[in-house]
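Turn these sequences into a full structure, and let the hints guide you.
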Amino acid sequence: MPDLYEILKESYAPRDSLIMSFELYDANFEKELDEIKSKNQFSEEKINYLRYIKRLNEALFTWGKASSSKEKPVKDAFSDFYNDAYLDFVSYKDFLEYAFGFYYEVAENIPRVYGGIGTKIDSRETFKKIIKDTEIPPKTKNYVLKFTLTKLLDQFGEEEGYTYVKEYEKLAEESFSREDEKNIKYVQDELFLKDLSGNQVTFQALLQKYKGKVIYVDFWASWCMPCREQMPKGKELHKKFKDKDIVFLYFALNDNEEAWTKACKKLEIEENSYFVINPKTARFIADNKIKSIPRYFLFDKTGMLIDRNAPRPKDDNVEIIFDKYLKE
8 MPDLYEILKE SYAPRDSLIM SFELYDANFE KELDEIKSKN QFSEEKINYL RYIKRLNEAL
68 FTWGKASSSK EKPVKDAFSD FYNDAYLDFV SYKDFLEYAF GFYYEVAENI PRVYGGIGTK
128 IDSRETFKKI IKDTEIPPKT KNYVLKFTLT KLLDQFGEEE GYTYVKEYEK LAEESFSRED
188 EKNIKYVQDE LFLKDLSGNQ VTFQALLQKY KGKVIYVDFW ASWCMPCREQ MPKGKELHKK
248 FKDKDIVFLY FALNDNEEAW TKACKKLEIE ENSYFVINPK TARFIADNKI KSIPRYFLFD
308 KTGMLIDRNA PRPKDDNVEI IFDKYLKE
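Residue numbering for the sequence shown is 8 to 335, as defined by this note's numbering.
Just to be clear, a hint being listed does not mean it is correct.
[To be verified] Cross-link-like lysine to any residue pairs, in silico, SDA-like; alpha carbons within 25 Å at most:
1) Lys249 - Lys308
2) Lys251 - Arg315
3) Lys287 - Asp161
4) Lys242 - Pro301
5) Lys218 - Pro318
6) Lys220 - Met232
7) Lys251 - Asn279
8) Lys153 - Tyr105
9) Lys61 - Pro118
10) Lys296 - Thr309
11) Lys269 - Thr309
12) Lys246 - Leu203
13) Lys201 - Leu256
14) Lys177 - Lys201
15) Lys247 - Glu275
16) Lys246 - Lys135
17) Lys242 - Lys331
18) Lys135 - Pro118
19) Lys296 - Gln237
Hints are computed from structural coordinates only; laboratory data are not their basis.
Here you go:
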């Protein structure tokens, strides 16, 4: 058996070769976009947005490295990515959550306050800084202030938050109700998914779609061998209950999209297979402490979660449980 040095030596890649690989990727990206543009497959707006997302991902990676090395990210870099026109895109909202949920607060030296369990960033100070920040365009500022206001109300309560609500309403020229707060939480916390055709959907939408059926959710990944070992039995269950009011959903968590696509085809689970887009921000992932896979969830016909640690397909009890809730 080779020693550790030999293993590391085999996998070693010189820095220059990594730089060359990145430059090649960069060149190929632009080449492919030019080809798409020449064939009129995408609009100019779509192509520009793809370029924007590429730059944004590179920036987030750079800021991530800066934070891990205790270097403060440069706040001025944020303004390069503000664009009110992109507020309808989930990826832009994800960027705003990352930028203002952490990087902005670090860059602006927002103080921390005691929050019951440890300390938290003082969202009152974050709110004040955002109000004064002239670099943020109006619609983006309104959106950022809304989810900051939601955090503020959770942190300090409605009585102290009242002043900030009124300040927001004056600036945005719109009212902020508890319903607005709920909607902002919903946007931030929702579990976003993508099917094999690239269509995006929320988990909440799937629960509504399959209301009246028992729902069995399998969190897995293409790289997870214990997950894949359960798949043959899972297919048997799917076949056995195909005429019953039960649906099987497959959610790939922390996976590589290309590897996930190939695995779905190989395992023959293309139907109802979804890729989790926002594992880091989805409240469902955090609340249910999904830290290891495979993990199975069972919902009744009303869409209510009844078992957050449901039996695996190979478990002898799984069919008994299915039958129990199918009768209800």
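task: Provide an ascending list of the numbers of those earlier hints which the structure does not satisfy.
output: Per hint list: 6, 9, 11, 14, 16 violated.
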